[in-house]
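Student: Given the sequences, and given the hints that come with them, work out the whole structure.
As they're listed, the protein sequences go chains H and D. Residue numbering for the first sequence follows the numbering used here, starting at 3 and increasing by one per position. Residue numbering for the second sequence follows the numbering used here, starting at 3 and increasing by one per position.
In case anyone wonders, no lab produced these hints; they're calculated from the structure. Misleading hints may appear alongside valid ones.
A pair holds if it fits inside one copy or across any two, identical chains being indistinguishable in the list.
Computed cross-link-like contacts, DMTMM-like style, restricted to lysine to aspartate or glutamate with a CA-CA straight-line distance of at most 20 Å [what the hints assert, rightly or not]:
| id | residue 1 | residue 2 |
| --- | --- | --- |
| 1 | K503 | E729 |
| 2 | K381 | D160 |
| 3 | K340 | D294 |
| 4 | K278 | D222 |
Please read all numbers here as calculations on a predicted model, not as lab measurements.
2 protein chains.
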Amino acid sequence: MSNATLSVELTLLDRYWRAANYLSVGQIYLMDNPLLHQPLEPHHIKPRLLGHWGTTPGLNFIYAHLNRIIRQRDLNLLYVCGPGHGGPGMVANSWLEGSYSEIYPHVSSDETGMQRLFKQFSFPGGIPSHAAPETPGSINEGGELGYSLSHAFGAAFDNPELIVPCVIGDGESETGPLAASWQGIKFLNARRDGAVLPVLHLNGYKIASPTILARSSDEDLRKLFSGYGYEPLFVCGSEPAEMHKKMADTLDYAFNRIADFQQQVRSGTAPDLIPKWPMIVLRSPKGWTGPDMVDGQKVADFWRAHQVPVSACRDNDDHRAILENWMRSYQPENLFDKRGELMPELKALAPAGDKRMSATPFANGGRLRQELVTPDIEKFALETGEPGSLTGQATEEFGRYLSKVFLLNPHNFRLFGPDETASNRLSPVFDVTSRTWMAPLKDYDEQLARDGRVMEILSEHQCQGWLEGYLLTGRHGLFNCYEAFIHIVDSMFNQYAKWLKVSRQLSWRKPVSSLNYLLSSHVWRQDHNGYSHQDPGFLDHVANKKADIVRIYLPPDANTLLWVGDHCLRTWDRINVIVAGKQPAPQWLSLSDAIAHCESGMGEWRWASHSGEPDVVMACAGDVPTLETLAAVDLLRGYLPELRIRVVNVVDLLALQTKEQHPHGKSEAEFDALFTQNKPVIFAFHGYPSLIHRLTYQRNNHDNIHVHGFNEEGTTTTPFDMTVLNELDRYHLAQAAILRVPGLAEQHAELLDELQERLDEHHRYVREYGEDMPEVKDWHWPLEGNNKR
Amino acid sequence: MSNATLSVELTLLDRYWRAANYLSVGQIYLMDNPLLHQPLEPHHIKPRLLGHWGTTPGLNFIYAHLNRIIRQRDLNLLYVCGPGHGGPGMVANSWLEGSYSEIYPHVSSDETGMQRLFKQFSFPGGIPSHAAPETPGSINEGGELGYSLSHAFGAAFDNPELIVPCVIGDGESETGPLAASWQGIKFLNARRDGAVLPVLHLNGYKIASPTILARSSDEDLRKLFSGYGYEPLFVCGSEPAEMHKKMADTLDYAFNRIADFQQQVRSGTAPDLIPKWPMIVLRSPKGWTGPDMVDGQKVADFWRAHQVPVSACRDNDDHRAILENWMRSYQPENLFDKRGELMPELKALAPAGDKRMSATPFANGGRLRQELVTPDIEKFALETGEPGSLTGQATEEFGRYLSKVFLLNPHNFRLFGPDETASNRLSPVFDVTSRTWMAPLKDYDEQLARDGRVMEILSEHQCQGWLEGYLLTGRHGLFNCYEAFIHIVDSMFNQYAKWLKVSRQLSWRKPVSSLNYLLSSHVWRQDHNGYSHQDPGFLDHVANKKADIVRIYLPPDANTLLWVGDHCLRTWDRINVIVAGKQPAPQWLSLSDAIAHCESGMGEWRWASHSGEPDVVMACAGDVPTLETLAAVDLLRGYLPELRIRVVNVVDLLALQTKEQHPHGKSEAEFDALFTQNKPVIFAFHGYPSLIHRLTYQRNNHDNIHVHGFNEEGTTTTPFDMTVLNELDRYHLAQAAILRVPGLAEQHAELLDELQERLDEHHRYVREYGEDMPEVKDWHWPLEGNNKR
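Tutor: Okay, structure coming up:
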């Protein structure tokens, strides 16, 4: 392209940028008079000025230049906007491209639509101030910072035809998750994946002070990003014409480099090339093109430009004049025609159809999503025989199922985890795939491959961010993690749940596959790692979210995990949390029993219960609580054969709630049929006891529900001792039943003593020998004896 | 030091290292025969082998070399051990230094003690497998990774005489929080703070695969850490003699650099120097000095060395032989005398007394802690006059108090926050101090200074990690944060709560100041930022922890915040969470009333209540719920003057629990006196409603408690509309009272309609004008009229 052509093109591009800036300011300030056809009056100004100007002109600048690249090269680009405060810019660009009016027809592409566009922004009943699900082209919620680059990598994995420019604000760049996410290139395969082009947008300041990277020298930044493995490119300045030229040249260079790397690897000329991917450092003033000074104070190129740079425009004539001059400085009359439509020569700068970044299906992944192909679970079922007679490892069996899922879905399924896939016993997946690894390999490495599809990095933040990006662009996945450490992503979970809640209300956003967590190495089997690894509180966190979004499953054995896992992988627009054991443990249900049990969510285990009305209900949720409950029932049968016990197991935890509280909630009649209206319920629960109380609060029998769970007592000890420390063990459960059935404790005081003696014996044994007594370690539900009916 | 001297010294040092390695292996494997006086028999081996060998020899290597530095230079060093799995090494070194036997006399410094040392490790009733509060010299819980370096910086701030070597495992180096924490040097003042010496210990692997930084080239690492602002120094190899020489030379160089920087800045020869602080990259084999191969598989220098490298030592004679040869390779007979004591020439290598890293008071901060000097809160009280008549901003008033705390405690108090101190309206602190800033300054910068004591980085992880390090070394601090984003540190909170629980049980660990959170810009006043910024769930998370550790305060106005904040800053060994508003709002209580109210934790507001037995209790917790409750009471009085209403406000949230559940819990009689045994309670709550149900579950009247709180409905809207969306507003509360008082709804159906009409009117108004109706925006508790009694 000759310099002369470039100059004409960039002159137009500059007008396009000004149009986006004009629309951004308009959204923050105006509720009427959108084209400034009249002098600005107080009643044109919104009463509350809410929005963020500082980052917006830079975002618009990048957007306009990427449009040029798309048209020039006919590429699929997904714009990930890290500075969430840049909502006005993202919305403005969508309106300029026409996609906004296509999705929201009342916000038409003319003056009327522009007035509505302006008024609705940050306005009650309108749209949020940040990039949000409502924003076309967005997969990154504005608000909490740190996840843009991991979202970008997640979007690029297995999308070879996609390039993801990702703008990282300099505030965001201080966060931990973002700092770690630069390493994403070590997991990006130039052949099978797309590319990510990070644009570190340094405008100098966060809310009220400078940022670390903004005050770092170019030399330090060059070293830093070279050290991460990138080729850093700098675009720095404030004079628009010069900046346009620099940006266009730099983007040309960067996209040439990307194309060149991809060509070399994909054509086979350099299949093992590890590219020095380009990244851009864009230094431009905060609040660029906005007012320099307000009330004698520095605003542009300073933190005061962060939000609303001139704030009293309704009441203060000087402020209003600053605003009007500012808006008129963009020359709206040269950007929009009299009807308020973008001038045709500017319209021509935007890509067409699905190539528009605001309309790309990659930002509305449900449009691209293909159903996951799942194998028949019967092929992976354990033949359990009599309940409790077989020993099996739930997650390992499920790993076999997952290995088949990998084979059936070679391009749109990945497994994510922080170096715990093998530890969580999902190793069968390594029979068919490997860990993704782009860094150098050694000849003795195992289960590492350039095209592996198990994504392991010791950062729960990256696992979550990658998976979110992967799902939102239409694919499927599972995040496996130690239960205790999933709290690391509590806040990311929150934001994603919020994203889903809103996007489900938008008919134009098509459903995406559910975000699935498989939590293993759970609180009860972190006996070897100790107290720091013991925390079941993620379930409480999840239960706070909107009922139509979240599900919690506690399968007690391998076949129930198989059904639950298969089910979750086939759902959409939800967050499914599965907690399952990895250790050898007794198996309870055949596959057909497991299916029936899981489909109803909870149920009586008749083979372990007396028929008819019980004296006591022994309820359980979770694999270890189920084991201890059945062992307690076994004890009680031996001692008190006349005591009528009903065993109820709960897999679908939130079904404990009422139908009004949760779509899976059991009706009053169903609940009472299981838990009775007035009999004591000894509930052995995987997590903190209060969660069961909270879920059953509205139930008739809730006053009689006595929960044993994790009481925040833990250390490095034996598995059984962990249950004893928290009074979840069989002896405590049996004691509880005796104490709660009216009259029983008085009749059987000696039995309570005997159970206590067995607890004491355990205590002595385990502290002397360092392992559990055989009677608890090897306990199986008896096939013969006192439990036969 | 001549080469000849070095060589003798390093030969001794190598023996010391071997002693530590021997003791580490012994802890993982043996329960008897600690000195291998007999051939190894199965019964000498623990039945369950739990522990982590991989990282340990490297940790011991660093430890031994740091001992040399301490003796050579008489320094105070605090060893922060990031690889938490290195528990055996940290414990071994403490035992070698004698501090272990001083703290735990039954683990004496002889063969008997050694046997106990070995057996107790990862053994029921013994000690955890990771570095933990039980471990002398540790301030960093092993387990969850990512916080070592921020702990190290927190320890170094305001401790000019301390140097903190911080070992970062290469697994940990992949985490987000750690990646961001390298920037800590941008906040470290060489004059007023100590120094941090990061040692990136790359042994190549995490649990089951290589790590990113381990497979990065030296050149890339050099660039990366230079880019962060460090001078990276490399110590790489596996041959012990060579490695000792390299490490000694490198540490000499590094400590010389540190001393030189400090001298230049402190003497005034270069007061504005920004040092290129040294950091060390130590590449040594995982499982260094352990078995190379087991069962024909590569173990040393591979991930298989991570945990227990040879695992079947009880049952498999070959394995046991490998173990015995391995342990004998350290030549225990040349390390320990016949009684099992460390040889005197090796004992002489350890520093003495408090200079021992395992005995330094900096790792037991309660020994160094000085009481915070707090001003008289009367001086900061608002003169409120009649309840509701004055408008004030709670956090701004508290900011005035904090500014005085800064003045009174110039060297041991800091305020931490992610760029939100001004946004949270604590700006009065900037009258007396500034934000800490070591990077370049511009002439127009404001509130930034080299010796500022407000620590702002846009990373909640760093804020939390720094504060933890600061507190654990004996100082005081406060973390202010947006409420929604404090979830980012949920998991760090968990780990710290666990740390406190255990350390409180250890009499040798002296109390440290409480970790205080001030959460503002809370869920109800993030109307401008929208749904992503709206989440009150941290309170639920906190409530799961042990009752003696945690406190939650919801002061409804400025004077109550003043009392609560002052109180929390003066407590120890707790985690205090304060949620308070920053916006202009009616003030309710004079300081004397505030003191009485806060001291009792909750109470009836008689000036807003009818006397005697009520028809309904209107309860509230949190500033916005309190405002809406009083407005609802005002409405009800106007409409239904005969309805007897009692207003109860709760400040100390966990006091809703019983005395058995929480030390602040109200007795049954106290609770019933406030909330009645059978009257409807309309409870307006700041957070998710379920938390109130959970806390009051055991109360007599719990079936009659009807909670209005955050129902996960939010967007960018007006403040009042946020309450309407979640039915926490005055109209919904008034409706709820009418519906819950028996018979009232039937008599006053038209009143319910009228309240609904006012809701509808609000809905229309706010969507048309974009602001709240004056009647709700400017509402104050009336001084005249229907509320007078």
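Student: The structure should be examined with respect to each hint, and the outcome stated for every one.
Tutor: We went through each hint and held it up to the structure:
Taking the closest pair of Cα atoms, K503 and E729 come within 20 Å of each other only across two copies (19 Å); inside a single copy the shortest separation is 38 Å, beyond that limit. For the identical chains of this complex, K381 and D160 are neighbours neither inside a copy (28 Å) nor across copies (64 Å), given an alpha-carbon limit of 20 Å. In this assembly of identical chains, K340 and D294 lie within 20 Å of each other by CA distance neither inside one copy nor across copies; the values are 30 Å within and 80 Å between. Proximity of K278 to D222 under the C-alpha cut-off of 20 Å is found in both arrangements, the shortest distances being 18 Å within a copy and 12 Å between copies.
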